[in-house]
Amino acid sequence: MALLQIAEPGESAAPHQHKLAVGIDLGTTNSLVATVRSGLTVVLNDELGRPLLPSVVHYAADGSTEVGYEPQSRQAQDPKNTIVSVKRFMGRGRNDIAHVESLPYDFIDAPGMVKLRTVAGVKSPVEVSAEILKTLRARAEAALGGDLVGAVITVPAYFDDAQRQATKDAAKLAGLNVLRLLNEPTAAAIAYGLDNASEGLYAVYDLGGGTFDISILRLSKGVFEVLAAGGDSALGGDDFDHRIFCWVSEQAQLRPLSSGDSRLLLTRAREAKEYLTSHSEAPITARLSTGEMVDLTLTTAIFNEITQTLVAKTIQPIKKALRDAGLSVNEVKGVVMVGGATRMPQIQRAVGEFFKQEPLTNLDPDKVVALGAATQANLLAGNRAAGDDWLLLDVIPLSLGLETMGGLVEKVIPRNSTIPAARAQEFTTFRDGQTAMAIHVVQGERELVSDCRSLASFELRGIPPMVAGAARIRVTFQVDADGLLSVAAREQTSGVEASVTVKPSYGLSDDEIAGMLKDSLDHAKDDAFRRALKEAQVEAQRLIEAVQAAIHGDGELLAADERSRVDGAIARLQAAALGENRRQITLAMDDLEAETKDFAARRMDKSIRKAFAGRTVDELERTAGGSKA
Amino acid sequence: MDFNADHFALFGLPRVFRIDAAALDARYRELQAEVHPDRFAHAADAERRLSLQWATKANEAYQALKKPLPRARYLLHVLGHDVGAENNTAMPAEFLMEQMEWREGVAEARAAGDHHELEHLHHRLRERMNASYEELAALLDDAQDFDAASDRVRRLMFLEKLLSEIDEAIAEIEEQ
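From first to last, the protein sequence lines are chains A and B.
The first sequence lines up with residues 1 to 629 when you count with the numbering used here.
The second sequence lines up with residues 1 to 176 when you count with the numbering used here.
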């Protein structure tokens with residue numbers, strides 16, 4: 001088969017080869033999907049022209065689900081089976097969830113992450129989020145007329161490893177190929193920076209429905225460099241609603257409420273909050289199921305008073321982030337406001353006062369994250385045009401460490417380290433003849449293990465018996481570009497190894513995901529077999545395109561015999577992908593991967609040499625001279 | 001390019017303490033622009049793995065060279081003079097006395113919640129360290145007296161730790 005003309009990374013792709021990629025803002029309150037179409041970044045609307053998808057999922061007794069405006073408008077009717085703000089439960093145990101007692105759900109405190117008992121069975125927050133993502137995926141595929149190559153999913157910068165992993169699992173469960181997990185404020189900075197050709201130091205203040213992020217970035221010619229990130233992954237617009245709700249309950253002297261009435265009043269609270277954005281007072285009226293009437297007026301003054309501690313809670317992390325970045329307030333050139341909750345006047349005022357300047361609100365705070373994610377997805381999918389290129393350097397928000405003697409934490413990778421990052425630390429045995437060592441991985445800034453989040457525990461076994469202190473156990477942490485951690489341990493003298501993708505203690509195993517995928521497919525009365533086959537075919541196509549793009553760019557790095565072996569492997573994979581044998585496709589993919597392994601290494605080498613091209617001979621000589629010193 | 005090349009060679013910089021900071025920044029970015037995982041998001045697994053390794057290495061090397069203390073330690077290391085901070089904590093008595101005085105000053109200001117005094121201590125210590133870094137630069141790049149330089153690095157490690165304690169105390173007061 002003739003080779004397709006595929007554009008190399010960095011070259012422009014002809015329109016018909018444009019790969020369909022989307023950016024998804026999976027929000028606490030609302031979610032969005034955006035893409036780059038004919039050079040323009042656009043949010044994809046639903047069939048009624050609405051850009052937002054309320055992050056609300058309803059489960060019915062027959063197992064069917066509804067997502068969006070419909071279940072949102074009917075949430076007070078069936079609160080137990082209508083899941084709102086599920087993002088607050090991602091990667092979280094029951095004890096981590098604020099106001100858990102006032103939530104209408106039937107929680108099951110599973111290890112690591114809560115689950116919810118619904119009329120359609122027990123659901124994990126990952127499954128609920130996957131329903132939202134599936135709806136957005138379907139919207140995008142209908143609008144773009146084809147299968148998606150991949151998606152960039154945004155997460156709060158302050159999300160820890162557990163929350164990130166849960167988000168990635170949800171995307172996989174929704175059948176999305178995750179090109180990257182991207183931090184929300186960073187996505188906003190991309191949208192803002194590219195739009196305004198900004199240079200200098202910027203702060204992104206992102207107050208969403210349930211999360212707060214502050215990121216400090218340096219924008220300079222094509223580089224977005226995050227210097228520090230901070231925040232609170234359990235603080236958002238929802239909390240302002242809750243304050244109003246408590247004020248209403250107190251003022252109206254309400255008796256304990258049914259979950260339906262709670263939902264109703266929370267909705268009224270949200271409406272009042274939004275109304276106060278452009279009015280000085282808001283009426284709150286409701287008829288409860290008990291027959292009681294609520295009829296109150298919330299003034300701006302009262303609203304400011306009952307929420308001032310929440311506003312103040314967002315200022316502390318800004319101070320910390322600035323300190324981490326080694327900057328003072330005066331050095332910040334602009335403050336970009338992101339998230340619907342930043343529409344509240346008291347927020348804009350507080351941020352303006354802190355930074356001594358008007359915050360920037362010229363991009364829609366609801367859409368800016370999705371738009372930035374779409375731009376990044378377009379770049380990652382390989383659609384970029386020549387010269388239309390930028391580099392993103394992001395950080396991890398929280399330190400990663402290990403438990404040491406006495407329940408103390410030894411930090412291995414400090415917060416605000418640029419990712420990807422790796423670091424190894426050596427430990428030893430403390431008892432004679434000790435043959436196993438427990439490795440407990442934690443995340444957080446506190447000194448005691450009990451104050452940090454436990455990410456994973458595993459054991460290195462089979463250490464040969466030695467005297468205490470003789471074994472040399474090297475523990476290596478690797479954080480990838482999604483901010484996800486994997487840990488490996490190796491005893492240096494014997495070579496005994498153990499490793500873990502930090503997942504089992506709270507996340508889902510790949511088998512669990514496969515099981516859920518199958519369940520959801522059965523429910524949809526879809527043909528699981530056909531679906532799996534289709535996915536393998538898409539995977540195969542993706543690999544073929546990647547290899548062909550590599551050959552197109554660097555074909556000269558392959559010797560003639562290697563080239564013919566690679567071409568043969570491609571042809572076999574193409575043939576397999578046309579057939580219906582999934583196993584054969586997988587084998588042909590493995591075969592092609594193996595044939596191109598050396599080629600990949602040579603390509604990387606070439607890229608690196610390219611980075612050094614343009615150096616003067618003088619510089620290189622000075623380097624060589626220096627090494628003799 | 002050899003994956004095991006030292007950090008200076010990775011960025012094409014001479015092995016000296018007084019590096020060209022602008023050149024380091026520029027080369028770090030040039031290298032990341034080529035190897036960063038974002039460039040390989042749509043590539044095959046093998047290339048993605050290599051990209052992860054190289055980008056990780058570029059970050060590690062940049063961190064090691066960006067700030068003066070890690071850079072001095074690393075420079076001494078590649079020149080075969082390990083500072084040996086872990087098992088060489090012996091310090092002259094006058095240095096330790098001076099350290100104790102500093103620490104008492106910090107502890108008092110911290111207990112009194114004296115923001116102004118802590119800022120003052122920070123400023124004084126910073127000046128003292130700047131002078132010490134000047135001397136270190138001369139020892140490393142001019143005199144090439146690596147034993148004396150190692151000794152200076154060990155002292156600076158104490159001072160950097162003290163400085164971060166002062167900063168923590170300031171942060172504590174600001175957060176109240």
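No lab work stands behind these hints, which were simulated from the structure alone.
Check each hint, because a few of them may be wrong.
Pairs of lysine-lysine, DSBU-like flavour, derived with a Cα cap of 30 Å [said to hold, decoys possible]:
(1) A/K319 x B/K161
(2) B/K57 x A/K320
(3) A/K411 x B/K57
(4) B/K161 x A/K610
(5) A/K221 x A/K333
(6) A/K221 x B/K161
Outcome of the hint check:
Between A/K319 and B/K161 the CA atoms are separated by roughly 21 Å; this keeps the pair inside 30 Å, and the hint holds. For the suggested pair B/K57 and A/K320, the alpha carbons sit about 28 Å apart, so the restraint of at most 30 Å is met. Between A/K411 and B/K57 the alpha-carbon distance is near 19 Å, which keeps this suggested pair within the 30 Å criterion. With a CA separation close to 40 Å, the supplied pair B/K161 and A/K610 exceeds the 30 Å bound.
A threshold of 30 Å between alpha carbons decides the hint, and for A/K221 with A/K333 the separation of about 16 Å falls inside it, so the pair holds. At roughly 35 Å between alpha-carbon atoms, A/K221 and B/K161 are farther apart than 30 Å, so this suggested pair is violated.
Comparing the model with each numbered hint stated earlier shows that hints 4, 6 do not hold.
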